[in-house]
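Participant: Please put together the full structure from these sequences, using the hints given.
The sequence shown runs contiguously to residue 67 in our numbering.
Take the hints with a grain of salt, since some may be wrong.
Pair ranges (Cβ atoms, derived) [said to hold, decoys possible]:
hint : residue 1 : residue 2 : range
1    : Leu29     : Thr61     : 25 to 33 Å
2    : Gln59     : Ser39     : 29 to 37 Å
3    : Val40     : Ala64     : 32 to 40 Å
4    : Leu49     : Arg27     : 27 to 35 Å
5    : Val37     : Thr61     : 29 to 37 Å
6    : Glu30     : Gln59     : 47 to 55 Å
7    : Leu65     : Asn31     : 48 to 56 Å
8    : Ala64     : Glu28     : 53 to 61 Å
9    : Arg27     : Asn60     : 47 to 55 Å
10   : Thr63     : Ser35     : 27 to 35 Å
If you are wondering where the hints come from, they were derived from the structure by calculation, not from laboratory data. In this text, all values refer to a predicted model and were calculated from it rather than measured experimentally. Cβ coordinates follow ideal geometry from the N, Cα and C atoms, glycine included.
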Amino acid sequence: GGVKEPVRLLGPLRGCGSRTPLRELENISDSAVESVAAETKARKLFLAHVSHLAQNTQTALIA
Numbered sequence: 005g006g007v008k009e010p011v012r013l014l015g016p017l018r019g020c021g022s023r024t025p026l027r028e029l030e031n032i033s034d035s036a037v038e039s040v041a042a043e044t045k046a047r048k049l050f051l052a053h054v055s056h057l058a059q060n061t062q063t064a065l066i067a
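Facilitator: Written out as structure tokens, the structure is:
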């Protein structure tokens with residue numbers, strides 16, 4: 005994963021200009037958005053997991 009993947013997906017959009025049909029543009033953009041959304045969701049889950057672990061560790065250290 006990583007932040008570079010969505011950029012790589014959107015790369016073709018930059019160079020295509022008006023030659024690419026709008027429908028095709030929308031399809032590329034949809035898949036890019038889905039990729040970013042999936043990545044964001046995964047990152048949020050991961051961060052939630054990490055913060056949960058951190059809280060447990062703090063509790064254990066205090067107790």
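Participant: So the hint says 27 to 35 Å: do the beta-carbon atoms of Leu49 and Arg27 match that?
Facilitator: holds, 33 Å
Participant: With 53 to 61 Å as the target window, see if Ala64 and Glu28 comply at their CB atoms.
Facilitator: For Glu28 against Ala64, whose Cβ atoms are near 54 Å apart, the range 53 to 61 Å holds.
Participant: Could you tell me whether the CB distance from Arg27 to Asn60 stays inside 47 to 55 Å?
Facilitator: holds, 50 Å
Participant: Is 27 to 35 Å right for how far apart the beta carbons of Thr63 and Ser35 are?
Facilitator: For Thr63 and Ser35 the Cβ distance comes to about 42 Å; the hint is violated.
Participant: In this structure, is the beta-carbon distance linking Glu30 and Gln59 contained in 47 to 55 Å?
Facilitator: With Cβ atoms ~43 Å apart, the hint is violated.
Participant: Could you say whether the range 48 to 56 Å given as a hint is met by the Cβ separation of Leu65 and Asn31?
Facilitator: holds, 51 Å
Participant: For the hint 25 to 33 Å, verify it against the beta carbon of Leu29 and that of Thr61.
Facilitator: violated, 47 Å
Participant: Is the gap between the beta carbons of Val40 and Ala64 within 32 to 40 Å?
Facilitator: Taking Cβ atoms as reference, Val40 and Ala64 lie about 36 Å apart, which means the hint holds.
Participant: A range of 29 to 37 Å was offered for this pair. Does it hold for the Cβ distance of Gln59 and Ser39?
Facilitator: Check passed, 31 Å falls within 29 to 37 Å.
Participant: Does the Cβ distance between Val37 and Thr61 fall inside 29 to 37 Å?
Facilitator: Distance hint for Val37, Thr61 holds at roughly 36 Å.
Violated hints, listed in ascending order, are 1, 6 and 10; each of the other numbered hints is respected by the structure.
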